[in-house]
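K.L.:
In case you want the letters, here they are:
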Amino acid sequence: MTKENVEEVKVVGRRAHLVRVCVVIGVVGLILATSPWWLVGVASILVIDQVSGEPVQGPVWLVLPSGFPKLPEAYDQVANVAERMRAEKVVLIPRVPSRVELLGVVPLGVDLSREELQKRGIPSERIQTLREESTDFWDDVKLISDAVGDQRVAVVVCVGRFESRAARYVLWRVLKPDVFDRVSVAAIRDPRYDETDWWRSRRGWKSLFLGYASLLHAIFLGDPPGWRPMNIEQYEDWAWQYLLAKKG
Amino acid sequence: MATFLEKWVVQKVYNGRVGLRAYKLAILGLTIVGVIWVLSLGPEKWLDASVCPVSADYAFVLPGEENSRPFVAALLFRKGVIRGVLIPKNAPTPAEVGKVLPGAAEVIRGVLLRRGVPEDAIRVIGSETASSWDDLALLAQFVRAHPDVTVLVITNSFHTRRCQWILNRQLGPESGRVKLVAAPVEWYDGRRWYESREVATTMASEYLKLAFYWIRYGSGLIWISGIVLVTLLALWLRRMKIGKRVIGEG
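Taken in sequence, the protein lines are chains A and B. Counting from 1, one number per residue, gives the positions in the first sequence under the working numbering. Counting from 1001, one number per residue, gives the positions in the second sequence under the working numbering.
No lab work stands behind these hints: they were computed from the structure. Mixed in with the good hints, there may be bad ones.
[What the hints assert, rightly or not] Taking beta-carbon pairs under 8 Å as the criterion, some of the chain B residues facing chain A (in silico):
{"id": "1", "residue": "P1053"}
{"id": "2", "residue": "F1071"}
{"id": "3", "residue": "G1098"}
{"id": "4", "residue": "G1110"}
{"id": "5", "residue": "V1111"}
{"id": "6", "residue": "S1196"}
Backbone N, C-alpha and C fix where the C-beta goes; we use that ideal spot for every residue, glycine too.
The task is simple: from the sequences and hints, build the whole structure.
P.N.:
Structure below.
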């Protein structure tokens, strides 16, 4: 074989290789673009719903963490779960009030939740608001741990669907093993998206991103440093100093 | 320069002084050091394009973070920096439709009224905006319709870079009449961004949104630059592969 022939064979081989690569990329791209199974899979990793089966034996408490999504459909689902699990009570965890809440522009989260649950048939005496305020989900879990104490109750924590895996992880990290065994997570669906169609809405993308961020942050960095919002006067003084400092 | 470097690397590899694996490891190490260096500089600094507030006709309060933005607008009004406040009307959220929570415009208006801004100084404009792009398009329309008006856009520091970019795209030379003012938030400590989930995700999502905006709303130049970059990278990789093959055959 001459040197030219060797070169020709090499060029033909390279072309064939390029064609093969293009065909593989095309086929894989077509499959990925037309069937959403892999997109569903990406989101399903974040979802853990432990209340779809039969109701558990014994008393059940339903817990709404301080960051529970304030959506009408979310409260519908909580009311359904409460009925299905025959919940003895629904426990609301208050968040440290924000400035708009302090001003009375929006109601306090716990007041709003109480009102929405009552509208859906849960009697007031079955709704309990914890006295201590929380700053984040890690705080919520510590408060759940204190509230449950030695009582032999099953606890169902209601959280946003894409945050359920992270929530389960935080529960595992914070609670004692005997308490953790009695706790389950209810993944509450957002009416705008779930794992089967999250890529169709901007909100779905954002939620997926936050779900993964929460999970990874919880795994690698653990309990984050807490912060409490300033009151209105403190905030305005601080903001004014901040704006003046921009001059320099 | 790149060709010289490649020749040098190929020669060293050919002579057996440096293994190809060592070369790859060096590139990887340099990349890691570069990333750490950029992160240590503070990725939040570049996002902040805000200025010290100057006297203006209106403040335009962007929806979101209602615990900070409207409070700063009210503060600026009371200090006499602005004469009125504009609020864009967002599309209703499910919570608003279900009458669970008031809409963002209503919350902003409520804060302004309770913090000393009179009703006649507040204007809700537009209808059903759904993104920063829409909100600022509304403002651009307002600014073009009122040629003598100056405006301060009130948002948070991490959002100002994207807003500035949108304003430049929407208003062009007229964007000089609009300045960005940052409302601080106590949970956002950019220097310790990795410690808090909120700060880390806010920063990461802001960079992602910026990239999305460049592609979605940017000029053709962005696309051309991207294609040129990818082509150059592919060519460089190909040349490296050929170099490696030559050494192998040698």
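K.L.:
Could you run down the list of hints and mark each one as holding or not?
P.N.:
Consistency of the hints with the structure:
The criterion of a C-beta within 8 Å of any C-beta in chain A is met by B/P1053, whose closest approach is roughly 6 Å, and the hint holds. For the restraint placing B/F1071 at the interface with chain A, the shortest Cβ-Cβ distance is roughly 6 Å, inside the 8 Å limit, so the hint holds. For the restraint placing B/G1098 at the interface with chain A, the shortest Cβ-Cβ distance is roughly 3 Å, inside the 8 Å limit, so the hint holds. At a threshold of 8 Å, the smallest CB-CB gap from B/G1110 to chain A is about 4 Å, leaving the interface hint in force.
Residue-level restraint check for B/V1111 holds (minimum Cβ-Cβ distance to chain A is 6 Å; threshold 8 Å). Because the smallest distance between the Cβ of B/S1196 and any Cβ of chain A comes to about 5 Å, under 8 Å, the interface hint for this residue holds.
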